[in-house]
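Following the hints, position chain B against chain A.
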Amino acid sequence: MEKVIIIRYSEIFLKGKNRGFFERALETNVHRALKGFDYQFIKQSGRYFVRDFDQTQTETLIEKLKKVFGVHTLSVALETASDMDSLFEAAKLLARDSGTFKVESHRGDKKYPLTSIEVSRELGGRLLAHSKGALRVDVHEPSFTVRVDIRENGVALVFTEFIEGANGMPVGTAGRGLLLISGGIDSPVAGHMMAKRGMTVDCLHFHSYPYTNAQAKEKVVQLATVLSEYACGVNLYNISVTHIQEAIHEKCKPELMITLLRRFMFRIAERHAEHIGAQCLITGESLGQVASQTIEGMTSSNSVVKKLPVLRPLVGFDKDEIIQRSVKMGAYEISILPFEDCCTVFLPDFPAIRPKLCDILREENKLDVEGLIAEAFTTMEKCKL
Amino acid sequence: MIYMDNAATTKPCEKAFEKARKFVTEQFYNPSALYEEGYALQSELKKARSALLSKVADETAFELVFTSCGTESDNQAIFSFARRGNAVTTAGEHSAVSAPFIELKNRGVIESRIAPLQKDGRVDIAKLLSLVDQKTSFVSVMHVNNEMGAINDINEIARLVKQKNPRVIFHSDGVQAYGKLPFRLSRDIDLYSVSAHKLGGLKGVGALVKRKSLNLPPYILGGGQETGKRSGTENVFGIKQFEYAAEEKFRHLVEDGKRLEGYREKLCSLLDTEVYTRLSPVDGTPYILTLSAKGLRGEILLHMAHDKGLLIGTGSACSSNAKTRYNRIVLACGYDEKTADGTLRLSFSTDTTEKEIEEAAAILNEIGRDLKRRMA
Chain A
3 MEKVIIIRYS EIFLKGKNRG FFERALETNV HRALKGFDYQ FIKQSGRYFV RDFDQTQTET
63 LIEKLKKVFG VHTLSVALET ASDMDSLFEA AKLLARDSGT FKVESHRGDK KYPLTSIEVS
123 RELGGRLLAH SKGALRVDVH EPSFTVRVDI RENGVALVFT EFIEGANGMP VGTAGRGLLL
183 ISGGIDSPVA GHMMAKRGMT VDCLHFHSYP YTNAQAKEKV VQLATVLSEY ACGVNLYNIS
243 VTHIQEAIHE KCKPELMITL LRRFMFRIAE RHAEHIGAQC LITGESLGQV ASQTIEGMTS
303 SNSVVKKLPV LRPLVGFDKD EIIQRSVKMG AYEISILPFE DCCTVFLPDF PAIRPKLCDI
363 LREENKLDVE GLIAEAFTTM EKCKL
Chain B
3 MIYMDNAATT KPCEKAFEKA RKFVTEQFYN PSALYEEGYA LQSELKKARS ALLSKVADET
63 AFELVFTSCG TESDNQAIFS FARRGNAVTT AGEHSAVSAP FIELKNRGVI ESRIAPLQKD
123 GRVDIAKLLS LVDQKTSFVS VMHVNNEMGA INDINEIARL VKQKNPRVIF HSDGVQAYGK
183 LPFRLSRDID LYSVSAHKLG GLKGVGALVK RKSLNLPPYI LGGGQETGKR SGTENVFGIK
243 QFEYAAEEKF RHLVEDGKRL EGYREKLCSL LDTEVYTRLS PVDGTPYILT LSAKGLRGEI
303 LLHMAHDKGL LIGTGSACSS NAKTRYNRIV LACGYDEKTA DGTLRLSFST DTTEKEIEEA
363 AAILNEIGRD LKRRMA
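Line by line, the protein sequences are chains A and B. For the record, in the first sequence the residue sitting at position 73 is 75 according to the numbering used here, with numbers rising by one throughout. For the record, in the second sequence the residue sitting at position 242 is 244 according to the numbering used here, with numbers rising by one throughout.
What the hints contain is simulated information worked out from the structure, not anything from laboratory work.
Once the Cα atoms are required to be at most 27 angstroms apart in a straight line, the calculated DSS-like pairs of lysine-lysine come out as:
id : chain 1 : residue 1 : chain 2 : residue 2
1  : B       : K310      : A       : K386
2  : A       : K255      : B       : K340
3  : B       : K310      : A       : K219
4  : A       : K330      : A       : K219
5  : A       : K253      : B       : K296
6  : B       : K374      : A       : K368
7  : A       : K255      : B       : K374
Reference excerpt, derived from the structure (chain B facing chain A, CB under 7 angstroms, subset only):
id : residue
8  : I302
9  : H305
10 : M306
11 : R376
Glycine included, each C-beta is placed from N, C-alpha and C at the ideal position.
Here chain A stands alone, though its shape is the one from the complex (with noise of 0.2 angstroms):
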């Protein structure tokens, strides 16, 4: 008796004549969450099967599998000849020793000698009496459930549970975005659920070196590695800010830093963002969380761009949900180490809240916007995870 893991799709079987290019970005991502392993990869309608690997993997396997997006169910079945001894003997393997129990029962193939019914039936009845009455039938609400699959050519899939998947679309089929990554909380978070949607994820990180360190370099390293195995892949850049925030600093007024950093931001995301041909913006903005995030502060900050959306998948979150969304994903732990990311030795005690529009383009008058542009890409690095 062998295991076999069964992959569900989700929403991709409603496509229609393009169905396939779904289920192709699907197999992709499936192989390349499964890189390194040795395994069989087997299509049918609706379903895959990944068979002939090392059994002692099963957990990592599965691990991996969950993180694919487009994948709505995983099973771990046994595979075994569709006769009903052998049927039993995986049954009794998947059982549990007590509780309420039922059997379901689909035939793929039609030719099989019982019924779904009497197959159920009669499994039922062998477990139940092998138990010696440990276990009861209760067919409304069951503690277990085996679940047989009798599939042609004499074989049968026997099993118990679906592990729920990543769901969303595969990754690949919704073009490609460029995420506005900081070492915090949110914007892993954004990154996350855009990917499962189905979009290809790049990351810009803006540092400040000397004022901030290397370990907050390292930091979001991590954290877009995190993201990667859910996004099968990113790109990571890093673009110095430094000289930007000292000529704020040096010219304008202390309270709009901020505002002015982020539509340095924005402006250069948009352009690196076409340079890599990614087609959106995507930030971690959260409405009303901290003072750059007020609709007047995002209102300053789009502004600046010309030509992309700047898609913000977190902004009608609180706080406790994008956490909640960290640590499913595994990013929270690292998201909160003490390293710094955006320089606070610049930070005013008192941001404006509500910056105008009027204001910000007098302070930004004095200073050489495109210049600074052009030289914070020259500082331009793309990091390997």
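Same frame as chain A, now just chain B:
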């Protein structure tokens, strides 16, 4: 690259490394083995033990137990003897001492009493003594403060403590002192922690010096090595390399100290007083110079110095991950947060040259003035 973070760790002594090499390539045996190749190594360990101990203590009154590091030595001393009543330590201790104190306090084992520091980084002896009473079971006072370079007169402090309560077990963390200061342990000291990698040995080797008559309960149990006091197969290579490295250091201890004191003062005199204030005392260890660039952040200067080829510290490298941004020892000396935030620690080794001192001063002046201008 100029390396001036030797209080964090110093370059292993290559001469000692070569001399000890055979304990990796040829005599790699387990010293507890029953064949000659193995048990012959016991005498090598004995030689190392004796050589390392005799540098600081009378071998008739003290013995030496090998451990894996200074932190382990401190932990063993504290967890073995701070077991009832109250235990007294100072606000200047390395976290290898302060963290076990906090743990024992949280477990409800002891009442933890912390003596304050003077402005120069030494413990306030009068206040320390006022904390010692008949219920005090353990006192720990570090020998040389790793952040400030201040030297505590531990023989005198131990004498005064024992005068007040002779039953106290007195421990000192000697990690920054061993192999750097001319010093011998008085019989008032019960336990003394040392570490190999601060004087040219390897990371992963340390020792706890203990008074012979003191019964040290084991902290790590197992095969009964170190006469049952610290189990675990001995790191023969590491221990022998430690022995040879220490020999090198102790040979010219006094001359090296004088030379480095001169360097330290020269560096200090070359610094721009508009930017830097000296925090470490003139009578502190010659190996450490602590400065503050008040109003600037030490960490930014550290990065800027790095880019100019100078490696320095902002304090204890072990605590730079701590959530608190300010140097707690500098705060404990009574300085304000801005001074603590601007702390830089330059620490030297016997390899440090006069040319490096001059170059380091030039770099520090350049980056200090530059950052001050940028932050203005």
